[in-house]
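S.K.: From first to last, the protein sequence lines are chains B and F.
Everything in the first sequence is counted per this note's numbering, starting at 1 for the first residue and increasing by one.
Everything in the second sequence is counted per this note's numbering, starting at 1001 for the first residue and increasing by one.
Honestly, the hints are just simulated from the structure, not real lab data.
Every residue, glycine too, gets a C-beta built ideally from N, C-alpha and C.
Watch out, some of these pointers could steer you wrong.
[Unchecked claim] Quick list of in silico lysine-lysine cross-link-like pairs, DSS-like style, CA-CA up to 27 angstroms:
1. B:366 / F:1084
2. B:166 / F:1015
3. F:1329 / B:416
4. F:1329 / B:18
5. F:1166 / B:329
6. B:329 / F:1084
[To be verified] Under 10 angstroms between C-beta atoms, here's a sample of chain F residues computed to sit facing chain B:
7. 1014
8. 1061
9. 1077
10. 1087
11. 1112
12. 1117
13. 1152
14. 1166
15. 1167
16. 1267
17. 1269
18. 1330
19. 1342
[Unchecked claim] Here are the in silico distance ranges between beta carbons for each label pair:
20. F:1020 / B:32: 49 to 55 angstroms
21. B:202 / F:1321: 43 to 49 angstroms
22. B:216 / F:1010: 16 to 22 angstroms
23. F:1480 / B:85: 46 to 52 angstroms
There are 2 protein chains.
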Amino acid sequence: MAPAASVAVENLNPKVLKCEYAVRGEIAIHAQRLQQQLQTQPGSLPFDQILFCNIGNPQSLGQQPVTFFREVLALCDHPCLLEKEETKSLFSADAISRAKQILATIPGRATGAYSHSQGIEGLRDAIAAGITSRDGFPANADDIFITDGASPGVHMMMQLLIRNEKDGILCPIPQYPLYSASIALHGGALVPYYLDEKTGWGLEISDLKKQLEDARSKGIDVRALVVINPGNPTGQVLAEDNQYDIVKFCKNEGLVLLADEVYQENIYADNKKFNSFKKIARSMGYGEDDLPLVSFQSVSKGYYGECGKRGGYMEITGFSAPVREQIYKVASVNLCSNITGQILASLVMNPPKVGDESYASYKAEKDAILQSLARRAKALEDAFNKLEGISCNKAEGAMYLFPQIHLPQKAIEAAKAAKKAPDAFYALRLLESTGIVVVSGSGFGQVPGTWHIRCTILPQEDKIPAVITRFKAFHEVFMAEYRD
Amino acid sequence: MAPAASVAVENLNPKVLKCEYAVRGEIAIHAQRLQQQLQTQPGSLPFDQILFCNIGNPQSLGQQPVTFFREVLALCDHPCLLEKEETKSLFSADAISRAKQILATIPGRATGAYSHSQGIEGLRDAIAAGITSRDGFPANADDIFITDGASPGVHMMMQLLIRNEKDGILCPIPQYPLYSASIALHGGALVPYYLDEKTGWGLEISDLKKQLEDARSKGIDVRALVVINPGNPTGQVLAEDNQYDIVKFCKNEGLVLLADEVYQENIYADNKKFNSFKKIARSMGYGEDDLPLVSFQSVSKGYYGECGKRGGYMEITGFSAPVREQIYKVASVNLCSNITGQILASLVMNPPKVGDESYASYKAEKDAILQSLARRAKALEDAFNKLEGISCNKAEGAMYLFPQIHLPQKAIEAAKAAKKAPDAFYALRLLESTGIVVVSGSGFGQVPGTWHIRCTILPQEDKIPAVITRFKAFHEVFMAEYRD
């Protein structure tokens, strides 16, 4: 055997080769290169900075962390501080008491020890209490698996449910490509259902049913339904009635409901409200025996935006004890998630309350972030809708707009000549002309023949006018060049 | 379809069902239950505390974190502190300057942002510099993938290399069960090679060769060799000559060398020294084209023992650009590892130096931990070797002893009647009599017909006499009961 022959790329796991992950794909890598070029050769590009609108990463764009959360983290990282007099003038009183309370729940106050594989019990208690108060229905610490962000939880469930390429997972199209990537890595079949752009990315039960039956007729054993609410990349917030129907559908069809609820705090539409699927199921009278349900939450999103801390949890209900043992076993092979992320997950589900010293400043920080996000979403939506050939639904929630771009035939042909999907061609031209990074709709899936981009609402508010101006200028030139 | 039928345990992924992970398996779960019982019903068991010797988790047993590392983490978690006058009296000057230096390498000083999927470039530079200074051969930040501990890196490589059940990975027996678990989860074949207990857990190239040929003759495509150095659970430190032979073997046979080097700082034998496999390969004149090599390191081990922080890295050399792109893609699906762990990984590879304000206290903390671990290893080894039917090799490194227990036939039969492996039966009796938790050898693999336990050297030094006394008393009673 020739040396190193074993690692030729064609000899790698074909599931890995097949997997795609657009959010950090070609365009993001190209943007990194351009950013380096701006540093090493200033003035060599038609713009002076890269504007990252491709990924839900608020703090990379200047959003400041919530002070209270970071005070508690610092104190838990270096508990000696709690014994020093100076600490009282550097930290708020409730951050100090919260850190003490958290440390008291950690055996030996050891924030550097592996924890229980589901996460520290006291922190899971806090998370369960937060869910209970959010939903008005009880939650149980035994049902919580604290994870390094939502992604590892999603992988864990895919790993459990997918046996082979005949096992299917119903996923929305457009979808967050974590799902398509994870299904590909685990060798299953993505069974698509389409969100209806015309009704504000509505989720039609009739389409779900049709896709399920179609997949079953092809011999696919459909095991679970993924619902992302609020939607990514589509930004819609499901109506309560729609959620009832989804829960009923899962119960009737024997599907696991995988509820991606990481944007639960990001609601911008006055007439919309986040309802967890667990709350919906319980309010329908459905209990443990009716519906296997997993809810994913993350510290990366919301007003907290603590992506780099890699914290999150999944709440698992409706699974039998032997299945739960298998989930626990898989979690235990990675020992536990990081303790900083665990602490943060407990904090976002149990933030300062009225009467706490930090409450006023915490509330002010939270409101400022969420109100600003709502304004940014509206400004971008309005700007997109004013451009020729672009139509954009409202971002009711989450952190994204997903405008449709009606590309002229000439642009589609130019893309074809360049061996790119038309929307990827458009996104690449946008990047190269303006420094604005978006992800093309083909990375998320879309109705064939339609073209979209996903643009985050995350650039700081003072940069939004520049994004709009540059985008508009680019789009007009692009359309002038390719108009049929 | 009956509701919830899709999640009957027998319908889960058979790879998951097959996977075993003894370190957090039955005995660990039983120990957790007993610990709860001690809390709720004190006095109900023949011991007053559980002594966890089952897992390499130093801080859970009272080891204190290194002060300098935690100072830097706290400052990076809450950078506002750097602007306050009081901070100077609470933190060492070099922790303050290091935190500033780290924050300066993070775009926007944003410790709450997702980073590059390989980790923050400035931190990878620090890690590469640490490797260069350790080995005397250059290391490159582009080759570093910072990970949430070593385990996710191992999974990533298994995921890349294993296509199906005909792909084999050579693993030592005994081995750390992360490897068997990961190979099972990815559906590959574990190709065992035996470490020779008689020569202090020696790694014989002749056995490697024999097992490789045997596997190939069965149609297994052997893709990689796992070497754990210092050894887990076996505690041996490989001799330099042996490492040369291993590198040559991998080159000649076209195998990827997966080098688990997480115990690189844990060396207790005066005549032994840690050499990285990369240093060995480079000193043989082997470069990028000769050998695909992955080195795993973790912040969980060493004198730092920061298991809960989930930090680590893999250094990847000898892979082609297209293969590296695939590794990057898989890393990017999980976005990035946690930033606290990333910072810590850079700190352990670049600790305080002579002349830094913290150096003396850092050095004192480090030496005290490592010297105490060496004394604990010796005390336990001596104690084991004094007991009837127990023989125990020296722990030259790592954190474990793996004594062989020559169980009487009557005990083996009693185990059989209880449907347990004989060493699991012994370990369970030990736990129930003394509260001491060890892992049975069958969880790691062993020569058929031999029986072992893995016992960490991690209980604090003042508890070691109690461990020894209780163990001795138990063992004498056990042998009296079952002696043939």
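S.K.: Among the hints numbered above, which are violated by the structure, and what are their numbers in rising order?
M.R.: 6, 14, 16, 17, 20, 23
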